[in-house]
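Given chain B's structure and the hints, the job is docking chain W onto it.
Chains as they are written, first to last, in my numbering: chain B, 5 to 351; chain W, 24 to 276.
Honestly, the hints are just simulated from the structure, not real lab data.
Below are the DSS-like pairs computed for lysine-lysine, each with C-alpha atoms no more than 25 Å apart in a straight line: (1) B/Lys231 x B/Lys277; (2) W/Lys52 x B/Lys140; (3) B/Lys146 x B/Lys136; (4) B/Lys136 x W/Lys47.
Residue strings, one per chain:
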Amino acid sequence: MTNAIKVQELTKYYGRPGKGVLAVDQVSFDVRQGEVFGFLGPNGAGKTTTQRMLTTLLEPTEGRIVINGHDLARDAYPVKWKTGLVPEESNVYAELTAWDNLRFTARLYRVPRAERAARARELLETFGLWEKRDVKVEDFSKGMRRRLSIAMAIIHQPTLLFMDEPTPGLDAQSARAIRDLIRRLNAEGTTIFLTTHQIEEANQLCDRVAIIDHGQIAAIDTPERLKQAFRRVQSVEVALEPDGLETSRVLETLNVSLAALPGVTTSVKMGDKWRLYTEDPSALLPRVMDYACSHGLRVVSLSTLGPSLEDVFLEITGQQVGTVRHKTQENGPRRRGRMGGQKGGRR
Amino acid sequence: MKQGWLRLRDELTQAWTVAAKDIKVYYLKPGMLMFGVMMPFFLFFSFSVRREMAVGQGVARLLALTIFFTAAAAGPFIIPLERRLGTYDRLLAAPMSLLTLLLGKAAVGAFFAIAVSVIALTVGVAAFGVSITQPWLLAAAMLLGSFSFSTLGLIFGSIPTHNPGEVQMPSTLLRWGLLFISGVFIPLAEMVPMARAVAYLSPLTYAQDLMNHAVPGVGSLSPWLDLAMLLVSGVLFLIPSLLMHRRSRQLGY
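Next comes chain B alone, as it looks inside the complex (with noise of 0.2 Å):
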């Protein structure tokens, strides 16, 4: 399989280098044609200033970036014409119709005369706009700007896709669309580059992600694979419900009970459940029933998980499994918080 792109080395400097903001640090990687490529990281991680730099917008302090066998410093002319790019806000033109967005954008990119109407049309259909499509895009909701705003990155049939977030904000009905919408783009043999927070929606859609911390690329492989290499953050997960009047009082030390428990490492409560993080799932089992049965609780749910994506990225990014705990009350209210990576709360 061949590379659609090739990074080395690639360093971004705000301001003056070794003097100004690192931002990206000698970065490399390849994504393949025909993958769906994942770039995750936390904020200020460098995603977005990656990809400005292989969208041409932003200019490297150092590295090479090749895209499709283009050297994107001294060959970018036909590398533009290949390429779509969706920035993180939707770049549409509030004043012009979305009929008129969409054939902006197909003359700028020379989509010949002929097709432009039919292709406007067809996208238009797709993303669900043909009936609002001589309704001027300021009217528009921040999902329909979205859908636009897509529609305007693919009339030109580009062969490699860049998109920045391209669902958050987003009713559940429109990221559906749009994740769909991805996977058939790259049935269709494009290559999409994916900047994402949404960690499940790249363990959804990416052959392969990449993990950047701190301007520097701290894990690439496919999402089961980085699964596979952090087993230590498997969990189980349990939901328990007090019979009586007096067994309620065991919820409100719920949460340092649960933690004590000999093999878990941290617990975490998300809703209703709790999250017992543990090497040993299958050993932990039967304490998480005892425990149940001694309290007087009822196990609604009981249930052993493997390392999500989310897991994977937060034990990389240095931000630690489970640093969303509770404190017990001797320790100050409940809340929810981050640890920054600390151990705080190991056992």
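For chain W alone, kept in the frame of chain B given last:
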């Protein structure tokens, strides 16, 4: 890969596409109307009303002011606004050269200036019976003047910022400076030698002189020199714009 004239054809079409879109989107925006339409008329009436001046001279002055302020208004207004909205990235990522993009943007200001000055000229001819001494020279003056001043505006539009407000201040300062050193309000022939030497630094001086040749028929310099200076300044003004766009690309704007 597209080569030669095919590439040129594509680039010209793209420049026109950018210009046509901007005309549709921005011409009726309050910022454009204020800086591009109201400003030249306001200045004209401030400095010309109740002063002894032939109608032909008045129309020539109004045309020079209109071309100057209207053409230079587009760049500093549109580009920072597009940078803030993210739509400028769409243009920068498109398969066209930076020069093509800038020429498209320059055309926006130039067409705007030509349209507004044609209205001013029509009013001058219809209401005051002004006769045009050299119509072709007037057309050339409007064309080259609007191009030159539009590329002047691009310099300020190219300043790396997302805030149009940060651009308007230096842009207005420079335009006013070029206006007051030029031969618009004091004819070149009446200037002391030092002031005249300074006036030659302002491209507006040449535009005003051309208008004087074209409308009342009384210019001070050779019209060919005026045309050449406007053309050269228009091309030269593109250089800082190109350099600042490259700088913006390094800084991330």
